[in-house]
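Colleague: Here the protein sequences line up with chains R and H, keeping their order.
Residue numbers for the first sequence follow this note's numbering, so the first one is 1 and each next one is one higher.
Residue numbers for the second sequence follow this note's numbering, so the first one is 1001 and each next one is one higher.
Hints listed in this document are in silico derivations from the structure and should not be mistaken for laboratory results.
Treat the hints loosely; a few may be bogus.
Said to hold, decoys possible - Which chain R residues stay away from chain H? Per the calculated CB distances, all over 10 Å, these:
1. F86
2. E153
3. E171
4. S211
5. F218
6. P223
7. G228
8. I262
9. Q274
What the hints assert, rightly or not - When the alpha-carbon atoms are kept at most 30 Å apart in a straight line, the in silico DSS-like pairs for lysine-lysine are as follows:
10. K1256(H) <-> K90(R)
11. K191(R) <-> K1298(H)
12. K79(R) <-> K1292(H)
13. K1119(H) <-> K241(R)
14. K1292(H) <-> K191(R)
15. K191(R) <-> K1146(H)
16. K236(R) <-> K1240(H)
17. K1093(H) <-> K236(R)
18. K79(R) <-> K1240(H)
19. K1298(H) <-> K241(R)
20. K1298(H) <-> K236(R)
21. K101(R) <-> K1240(H)
Unchecked claim - Not the full set, but computed from the structure, chain R residues with beta-carbon under 10 Å of chain H:
22. S138
23. S145
24. A167
25. S175
26. K191
27. E192
28. G193
29. N281
30. N285
Since this is a predicted model, take the numbers as computed values, not measurements.
Even glycine gets a Cβ: it sits at the ideal position worked out from N, Cα and C.
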Amino acid sequence: MSWFKRVKEGITTATKDKKATPEGLWHKCSRCKKVLAAADHINNSWVCPSCNYHTKIGSDEYFHILFENDYEELFSNIKPTDPLSFVDTKSYADRLVDTQKKTGLDDAMKVAVGQLSEQQKLVVACMDFNFIGGSMGSVMGEKISRAIDYGREHKLPVMIISKSGGARMMEAAFSLMQMAKTSAKLALLAKEGIPYISYITDPTTGGVTASFAMLGDFNIAEPEALIGFAGPRVIKETIGKDLPKGFQSSEFLLEHGFVDFILNRTEAKAKLTQLLDLLANRKLNLHTEEKEAPKSE
Amino acid sequence: MAFDFEKPITEIQEQIENARKIAEKGKVDMTAAIAELETKLEQTRHQVYENLNGWQRVQMSRHPERPYSLDYIENITQGFIEQHGDRNVKDDKAIIGGFASIDGQTVMVIGQQKGRNTKMRQYRNFGMPNPEGYRKALRLMKLAEKFNIPIITLIDTPGASPGLEAEERGQGEAIAKNLLEMAVLTVPVICVIIGEGASGGALGIGIGDKVLMLENTWYSVISPESCSSILWRSWDFKEKAAECLKLTANDMLENKLIDGIVKEPLGGAHTNPNQMYETLKSVLLKNLAELKKLPSDKLIEKRIEKFSAMGAYTEA
Ligand SMILES: [Zn+2]
């Protein structure tokens, strides 16, 4: 059975009935400072309609955008531990507990399977930057691995949404090996001809960039995201001068050939649906406002 | 060149030297005294070198006289023919590779290469590869796969090169591609950390059926210095960071993140390179013989299973 023949099986029970409720009634854009109703900001996928600034959002928000409420969280029983009894200015064990309390998250990644469209289910593994900088530890590696295995088992495409400072130092070499683990799993997914989409958001650096984030059949980036292997500070210190404007931005990566296209978050659901419909050889159901394909000159 | 922690050894060596001088000058019989000191020296050497902590291992791994990849290739293999270039941009001098023969068996050897003096260190970019280095390595690995020849990688890098050009040419993509491709190579792959194993820069040629570390090397997600600067916001905690990172061969084996440790001569690989070459050669031959018995689908399955099992988490 190929991945695209699967049709919607009944109605998926939404485990979350999350209505993203605004903290206040108004949202002020942190870039252009324009004010709009918070509900309108949410309805616009947390993107400023005036300047297109993409507010940093977490996994629940992405699931809401892609699946509305039609999804189920997977592997939420996998939780972090402190294998090396790591202590820097604070013990890692304490840091985990404190961050869990502060964020309400277990770790920096959630996985969900849901209906991207009426005809298409999708497995999404999404990072949460506010959990220790979205850093990749054993939990992230394991959740990604299981998300890929789930995709292989159920013949469903897999998407990873990256937003990470890279490795989680407090898990040292365990963290490093998650790069190897996830890449090996992606090799298996590729062998079975199941699509893998890497959706890259601001910021994505280090070991995440040097593994699954760059391995998509489609590497897709949100506008103006910072994407790189070495962090800008490290490069600046190494070369001893300021970095060129726009260096390591989504647009820079597009220009240098490392992302397929840049995608506005407001168009994510429609464009991903279109992409997977094309791959599945389905009749397209394009919205009327869909831009025409560029004509040859 | 001696490290601080070697002081107890150098002190006894000086005492022996002095005793010899006295014996020569005054025609005094110092035989017994010297013999006693030599016993003490041997004991002290064992005491010091068998109990090195994380930071001391890091220092040993960077000893300027330590054998580098080309030294191992020259002394363990015959007929090495170096191949250059990634067929795309250029030839990266920080990664070398080519076919060679080890005891009559052809292997593809790929290694990160450091320079021995200022000029060569720059020429080799301090052993920090650029994307084209990783792409050259992959090209050579695929070539070995084509001719069904096993691969040996020698890892010795302070990290992948951070720079404008490295980013422009996709350092992240180059390393990522190697991780994926190495996982499914149909030929045996043996990776040996011979010096420094820093992060993705090391892992980029480090996916193998057997990943081994020489006794006085380190392997982790970050160098102790950088870890100190990020977590403690100061360069002064590198020794503490080295302990926390659990980056020694013993730690890595204990955490099941590598497959074995290769013993070094007492005092480090640089104190007796020939012994080091012989030890590594016999370890490589033993592992090659073992891995060659496995059919390639089994090899790949076991390789992926091994890396898939790495991690520490709880499952409620
Ligand atoms: Zn704005």
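Colleague: Determine for every hint whether it applies to the structure shown.
Modeller: Hints and how they fare:
1. Residue placement check: F86(R) does not keep its beta carbon more than 10 Å from all beta carbons of chain H (closest about 5 Å).
2. Chain H leaves E153(R) outside its interface by the beta-carbon criterion, the shortest separation being 15 Å against a cut-off of 10 Å.
3. Residue-level check failed: E171(R) sits 7 Å from the nearest beta carbon of chain H, not beyond 10 Å.
4. In this structure S211(R) is not separated from chain H by more than 10 Å, as the shortest Cβ-Cβ distance comes to only about 5 Å.
5. For F218(R), the requirement that its beta carbon stay farther than 10 Å from each beta carbon of chain H is met, with the minimum near 14 Å.
6. The Cβ of P223(R) sits about 19 Å from the closest Cβ of chain H, beyond the 10 Å cut-off, so the non-interface label holds.
7. Not every CB of chain H lies more than 10 Å from the CB of G228(R), the least distance being 5 Å, so the non-interface label is violated.
8. Here I262(R) stays apart from chain H, with its beta-carbon at least about 17 Å from theirs, past the 10 Å limit.
9. With a closest Cβ-Cβ approach of about 25 Å to chain H, Q274(R) is found to remain outside the 10 Å limit, as its non-interface label requires.
10. A C-alpha spacing of about 26 Å is found between K1256(H) and K90(R), which places the hinted pair at or below 30 Å, so the restraint holds.
11. For a cut-off of 30 Å, the pair hint linking K191(R) to K1298(H) stands: about 16 Å separates their Cα positions.
12. For the hint pairing K79(R) with K1292(H), the CA-to-CA distance comes to about 39 Å; that exceeds 30 Å, so the pair is violated.
13. Restraint check: the Cα-Cα separation between K1119(H) and K241(R) comes to about 23 Å, which is no more than 30 Å; the hinted pair holds.
14. At roughly 24 Å between alpha-carbon atoms, K1292(H) and K191(R) fall within 30 Å of each other, so this suggested pair holds.
15. For the proposed pair K191(R) and K1146(H), the alpha carbon gap of about 19 Å is at most 30 Å, so the pair holds.
16. Between the alpha carbons of K236(R) and K1240(H) the distance comes to roughly 26 Å, so the proposed pair stays at or under 30 Å and holds.
17. Our distance criterion of 30 Å between C-alpha atoms is met by K1093(H) and K236(R), whose separation comes to about 23 Å.
18. Distance hint between K79(R) and K1240(H) is fulfilled; the C-alpha atoms sit about 27 Å from each other, no more than 30 Å.
19. Taking the CA atoms of K1298(H) and K241(R), the gap is about 50 Å. The hint is violated against a cut of 30 Å.
20. For a cut-off of 30 Å, the pair hint linking K1298(H) to K236(R) is broken: about 45 Å separates their Cα positions.
21. With a C-alpha separation of about 28 Å, the suggested pair K101(R) and K1240(H) falls inside the 30 Å cut-off, and the hint holds.
22. Annotation: S138(R) was flagged as interfacial toward chain H, and the flag holds, the nearest CB pair being 4 Å apart, inside 10 Å.
23. Evaluation of the S145(R) hint against chain H yields a held restraint, the C-beta minimum of about 6 Å falling below 10 Å.
24. For A167(R), the interface hint holds, since its Cβ comes within 10 Å of a Cβ in chain H; the closest pair sits about 5 Å apart.
25. For S175(R), the suggested interface contact is upheld, since its CB lies about 5 Å from the closest CB of chain H, less than 10 Å.
26. With a cut of 10 Å, the hint placing K191(R) at the interface with chain H holds, because the nearest CB-to-CB distance is about 8 Å.
27. Using the Cβ-Cβ criterion of 10 Å, the hint placing E192(R) at the interface with chain H is not satisfied: the shortest such distance is roughly 12 Å.
28. For G193(R), the interface hint is violated, since its Cβ never comes within 10 Å of a Cβ in chain H; the closest pair sits about 15 Å apart.
29. This hint is violated: N281(R) has a C-beta 26 Å from the nearest C-beta of chain H, more than the 10 Å allowed.
30. With 10 Å as the threshold, the beta carbon of N285(R) stays out of range of chain H, its nearest partner Cβ sitting at about 33 Å, so the hint is violated.
Violated hints, listed in ascending order, are 1, 3, 4, 7, 12, 19, 20, 27, 28, 29 and 30; each of the other numbered hints is respected by the structure.
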